[in-house]
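There are 2 protein chains.
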Amino acid sequence: MSRRPGPRADRADVRGDILAAARALFASRGFKGTTMRAVADGAGVDVALVPYYFGNKDGLFAASLELPIDPHEKIDEVFAQGLDGIGERIVRTVATILDDPVVGPALLGLMRSAMTEGAAHDVVRDFIDNVIIEGYARHLDRPDARERAALAATQIVGLAMGRRVVGIEPLASMSVDEVAAHVGPTIQRYLTGDLAPGPTRTS
Amino acid sequence: MSRRPGPRADRADVRGDILAAARALFASRGFKGTTMRAVADGAGVDVALVPYYFGNKDGLFAASLELPIDPHEKIDEVFAQGLDGIGERIVRTVATILDDPVVGPALLGLMRSAMTEGAAHDVVRDFIDNVIIEGYARHLDRPDARERAALAATQIVGLAMGRRVVGIEPLASMSVDEVAAHVGPTIQRYLTGDLAPGPTRTS
Chain A
1 MSRRPGPRAD
11 RADVRGDILA
21 AARALFASRG
31 FKGTTMRAVA
41 DGAGVDVALV
51 PYYFGNKDGL
61 FAASLELPID
71 PHEKIDEVFA
81 QGLDGIGERI
91 VRTVATILDD
101 PVVGPALLGL
111 MRSAMTEGAA
121 HDVVRDFIDN
131 VIIEGYARHL
141 DRPDARERAA
151 LAATQIVGLA
161 MGRRVVGIEP
171 LASMSVDEVA
181 AHVGPTIQRY
191 LTGDLAPGPT
201 RTS
Chain Z
1 MSRRPGPRAD
11 RADVRGDILA
21 AARALFASRG
31 FKGTTMRAVA
41 DGAGVDVALV
51 PYYFGNKDGL
61 FAASLELPID
71 PHEKIDEVFA
81 QGLDGIGERI
91 VRTVATILDD
101 PVVGPALLGL
111 MRSAMTEGAA
121 HDVVRDFIDN
131 VIIEGYARHL
141 DRPDARERAA
151 LAATQIVGLA
161 MGRRVVGIEP
171 LASMSVDEVA
181 AHVGPTIQRY
191 LTGDLAPGPT
201 RTS
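Chains as they are written, first to last, in this note's numbering: chain A, 1 to 203; chain Z, 1 to 203.
The following block holds chain A by itself, in its conformation from the complex (with noise of 0.2 Å):
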């Protein structure tokens, strides 16, 4: 008798698959384009089977929210080496993942999303919330920690979008080596570096 996977295996495998189908579809036709339907169909999967382990699609783009890398590690580890010249760690980074052809278009769909209305929005309201700010904030002690992290955050958004997602030049043909020498210093700034003399500290 040859040995067969358990139904174990076999749920991991479906899942997998329907998951790789919700992030293609997610990330070409953003949150309200993609059908459970039409993920069953790019998974290759009876259509029941995408309710069973996802429940409805916000429950399915939740879970397409576990990236194929681990934010917060890919976070840590960048702050592994300290705050000197962090800014430029970080950019090249992002750009190297929206360069990756597997996690690129889902952190793309992602940012689609966030321009929707509804369920999408808040999911990913709460990632660059809880995650991006959150993620980059922890390593940064001290008290207007969360500010500048939210400043660094418009600009790696606003890269991966004039970068990526609208795709203006001569932005998205630069290399990597490129964006992180131009846009790291506004991060290394924003995290580390002085900020608004003025305003901030009288009202």
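These are computed hints drawn from the structure, not numbers from a lab. Where hints are given, some of them may not hold.
[Claimed, not checked] Think about it this way: if two alpha-carbon atoms lie no more than 25 Å apart in a straight line, the pair counts; the simulated DSS-like pairs of lysine-lysine are: (1) K74/Z - K32/A; (2) K32/A - K57/A; (3) K32/Z - K57/A; (4) K32/Z - K32/A; (5) K57/Z - K32/Z.
[Claimed, not checked] Part of the chain Z face toward chain A, derived, beta carbon under 7 Å: (6) R125; (7) E147; (8) A150; (9) L151; (10) Q155; (11) G158; (12) M161; (13) V166; (14) I168.
[To be verified] Not close to chain Z: a few residues of chain A, all C-beta gaps over 12 Å, as computed: (15) R15; (16) G16; (17) G42; (18) G44; (19) N56; (20) A62; (21) E73; (22) F79; (23) D84; (24) V102; (25) V124; (26) I187.
Bear in mind the structure is a predicted one, so any value in this text is a computation, not a measurement. Note that the Cβ used here is the ideal one computed from N, Cα and C, for glycine as well.
Starting from the structure of chain A, add chain Z where the hints point.
Quick look at chain Z alone, frame taken from chain A:
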């Protein structure tokens, strides 16, 4: 006999009503979610009048980009005071416009549309490219003007997203003064400062 407006005056009003309804709908529902019928309903006109004035939805969208302000004029105004302090003036102007109850939603609708595929995406890329980036670049008399303007555009777009589209705190509730003080130096550096010693020059 009472005076009645002639056909010319009639037309101008209908056109304006349709555009106002279209701007509101593009802003709240995005390009894909907006139908010609909904625009006609919003304007209180017969549905046949929308294609009569604007051809199709693309034409209507393009016309709705004629924002209640003239972006070219605003940019010229901001640059008229010279490059000293230009970063802070640009951020202050953008943050003020985003808070405007009429212009703000129109611009955010633009950004939502930039996320979708197809015609709206192209129109928005053209807008960012020809209006914002070219608008900044023509005031910078240097060979790398477009590259600098594109970098500035990423921060402006990211700021608008973080502050008004996604709504990240404490960014969303910062005063215009604070935002200008925090983000102004980023734009100043991109437009007039030292950029990227190394990579760009050697490639």
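Tested hints:
{"no.": "1", "hint": "K74/Z - K32/A", "verdict": "violated (35 Å)"}
{"no.": "2", "hint": "K32/A - K57/A", "verdict": "holds (10 Å)"}
{"no.": "3", "hint": "K32/Z - K57/A", "verdict": "holds (19 Å)"}
{"no.": "4", "hint": "K32/Z - K32/A", "verdict": "holds (10 Å)"}
{"no.": "5", "hint": "K57/Z - K32/Z", "verdict": "holds (10 Å)"}
{"no.": "6", "hint": "R125", "verdict": "holds (5 Å)"}
{"no.": "7", "hint": "E147", "verdict": "holds (5 Å)"}
{"no.": "8", "hint": "A150", "verdict": "holds (5 Å)"}
{"no.": "9", "hint": "L151", "verdict": "holds (6 Å)"}
{"no.": "10", "hint": "Q155", "verdict": "holds (5 Å)"}
{"no.": "11", "hint": "G158", "verdict": "holds (2 Å)"}
{"no.": "12", "hint": "M161", "verdict": "holds (6 Å)"}
{"no.": "13", "hint": "V166", "verdict": "holds (5 Å)"}
{"no.": "14", "hint": "I168", "verdict": "holds (5 Å)"}
{"no.": "15", "hint": "R15", "verdict": "holds (28 Å)"}
{"no.": "16", "hint": "G16", "verdict": "holds (27 Å)"}
{"no.": "17", "hint": "G42", "verdict": "holds (17 Å)"}
{"no.": "18", "hint": "G44", "verdict": "holds (24 Å)"}
{"no.": "19", "hint": "N56", "verdict": "holds (20 Å)"}
{"no.": "20", "hint": "A62", "verdict": "holds (17 Å)"}
{"no.": "21", "hint": "E73", "verdict": "holds (22 Å)"}
{"no.": "22", "hint": "F79", "verdict": "holds (20 Å)"}
{"no.": "23", "hint": "D84", "verdict": "holds (17 Å)"}
{"no.": "24", "hint": "V102", "verdict": "holds (20 Å)"}
{"no.": "25", "hint": "V124", "verdict": "violated (7 Å)"}
{"no.": "26", "hint": "I187", "verdict": "violated (10 Å)"}
In summary, the numbered hints that this structure violates are 1, 25 and 26.
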